[in-house]
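Model the placement of chain U on the given structure of chain P, informed by the hints.
Protein chains in written order, with my numbering: chain P, 2 to 66; chain U, 12 to 267.
Hints in this document: simulated from the structure, not taken from any laboratory.
A hint or two may mislead.
Facing chain P, from chain U, some residues (calculated, C-beta under 8 Å) [what the hints assert, rightly or not]: (1) Gly27; (2) Ala29; (3) Thr50; (4) Val51; (5) Ser52; (6) Val53; (7) Arg54; (8) Glu56; (9) Phe66; (10) Trp67; (11) Asn80; (12) Met96; (13) Phe101; (14) Asn217.
For every residue, glycine included, the Cβ atom is placed at its ideal position computed from N, Cα and C.
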Amino acid sequence: MKIIVNGEAVETTSLTLAALLTELGKGDAKVATSLNETFVPKTLRDTQTLTDGDRVEVVAPRQGG
Amino acid sequence: MPTFYGKDIASRLMLGTAQYPSPAVLADAFRRSVAGIATVSVRREAGGDQAGQDFWTLIQDLGVAVLPNTAGCHSVREAVTTAQMARELFDTNWIKLEVIGHADTLQPDPFGLVEAAEQLTDDGFEVFPYCTEDLVLCERLVAVGCKVLMPWGAPIGTGLGLNNIYGLRSLRAHFPEIAMVVDAGLGLPSQAAHAVELGYDAVLLNTAVAKAGDPAAMAEGFARAVEAGALAAAADPMEPRDMAAPSTPVLGKAFL
Numbered sequence: 002m003k004i005i006v007n008g009e010a011v012e013t014t015s016l017t018l019a020a021l022l023t024e025l026g027k028g029d030a031k032v033a034t035s036l037n038e039t040f041v042p043k044t045l046r047d048t049q050t051l052t053d054g055d056r057v058e059v060v061a062p063r064q065g066g
Numbered sequence: 012m013p014t015f016y017g018k019d020i021a022s023r024l025m026l027g028t029a030q031y032p033s034p035a036v037l038a039d040a041f042r043r044s045v046a047g048i049a050t051v052s053v054r055r056e057a058g059g060d061q062a063g064q065d066f067w068t069l070i071q072d073l074g075v076a077v078l079p080n081t082a083g084c085h086s087v088r089e090a091v092t093t094a095q096m097a098r099e100l101f102d103t104n105w106i107k108l109e110v111i112g113h114a115d116t117l118q119p120d121p122f123g124l125v126e127a128a129e130q131l132t133d134d135g136f137e138v139f140p141y142c143t144e145d146l147v148l149c150e151r152l153v154a155v156g157c158k159v160l161m162p163w164g165a166p167i168g169t170g171l172g173l174n175n176i177y178g179l180r181s182l183r184a185h186f187p188e189i190a191m192v193v194d195a196g197l198g199l200p201s202q203a204a205h206a207v208e209l210g211y212d213a214v215l216l217n218t219a220v221a222k223a224g225d226p227a228a229m230a231e232g233f234a235r236a237v238e239a240g241a242l243a244a245a246a247d248p249m250e251p252r253d254m255a256a257p258s259t260p261v262l263g264k265a266f267l
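So that you can see chain P by itself, here it is in the shape it has in the complex (with noise of 0.2 Å):
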């Protein structure tokens, strides 16, 4: 299926978010998500599954202001 990860199109066959990050090399990394614009905390990323069109987001810590 096709779906949004960061604003690029993205082919995938995760069929759960916790398998797309896995698939992406974000496993474990200090990641948070979001899917079509509403949190998905860690512990639920295992069951949450994904649909063709879906808009994920994945942040870092980063500098700010």
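Only chain U this time, still in chain P's reference frame:
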């Protein structure tokens, strides 16, 4: 020294972590500033990039409290979702809430700010709202549960200092029990000293230090300035007056 949501902080300086020439310069500036709080953000991370983890390790080594922000958010939903992601990433209920209403001035959207502050407070967050010195706005923020107010001195990144001294003084007087921070717009230590002289508990700045030719020296300058301001505020300053008054006694002057 300030107390924010029950946590004592041993410094009146809160320092941002953006725009430094290098991580080493950032760390040196923090050491010289003796800042007690570092502001941070959350941003997209490209595939394979470990910059986020590296940055987090650097911040942890500073030994300061972390205040994540919602910088760049222009809607309530954006700000709330960003805050939720920040809470998980940084393991803190503190959030510096920014809901930007104008792209040129980065002026807060007061209506969105109150709405987002209420949602986040209800969700257990401890909100540090980046606001203006508008008294009615600040009353609404306090009414929805904010125990800290952070009015701007001037627009973010301008270095213009305290644009509305009357408004800031009036706001301080109106909320004697609320912790208050002048956030944004400061360019020089003298402006930070002035903010604390007005009774503000702390100042929050970033660009003035990060973009200085010698960030570490400027950080120490701000650290000394806020301490000078605090000494002055506690020392019961004299009342200003319009007419001159001789400080040297007139009595006893020789007739020449």
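Against the structure, the hints:
Proximity of Gly27(U) to chain P holds as hinted, the smallest CB-CB distance being about 3 Å (cut-off 8 Å). Contact between Ala29(U) and chain P, as hinted, is supported at the beta carbon level, the nearest pair being about 4 Å apart and thus within 8 Å. Here the hint on Thr50(U) is kept, as its CB sits about 5 Å from the closest CB of chain P, short of 8 Å. A hinted interface residue such as Val51(U) counts as satisfied when its beta carbon comes closer than 8 Å to some beta carbon of chain P; here the least separation is about 5 Å, so the hint holds.
Checking Ser52(U) against chain P: minimum C-beta separation of about 3 Å stays under 8 Å; hint holds. Because the closest C-beta pair between Val53(U) and chain P is about 4 Å apart, less than 8 Å, the hint holds. Given hint, Arg54(U) at the interface with chain P, holds; its Cβ is 4 Å from that chain's nearest Cβ, closer than 8 Å. Interface hint at Glu56(U): satisfied, since its Cβ lies 4 Å from the closest Cβ of chain P, which is below the 8 Å cut-off.
The closest approach between the C-beta of Phe66(U) and any C-beta of chain P is roughly 5 Å, which is under the 8 Å cut-off, so the hint is satisfied. At a threshold of 8 Å, the smallest CB-CB gap from Trp67(U) to chain P is about 4 Å, leaving the interface hint in force. For Asn80(U), the interface hint holds, the least distance from its beta-carbon to any beta-carbon of chain P being 5 Å, beneath 8 Å. Interface hint at Met96(U): satisfied, since its Cβ lies 4 Å from the closest Cβ of chain P, which is below the 8 Å cut-off.
Checking Phe101(U) against chain P: minimum C-beta separation of about 7 Å stays under 8 Å; hint holds. Checking Asn217(U) against chain P by beta carbon gives a least distance of about 4 Å; that is within 8 Å, so the hint holds.
Checked against the numbered hints listed earlier, the structure breaks none of them; every hint is satisfied.
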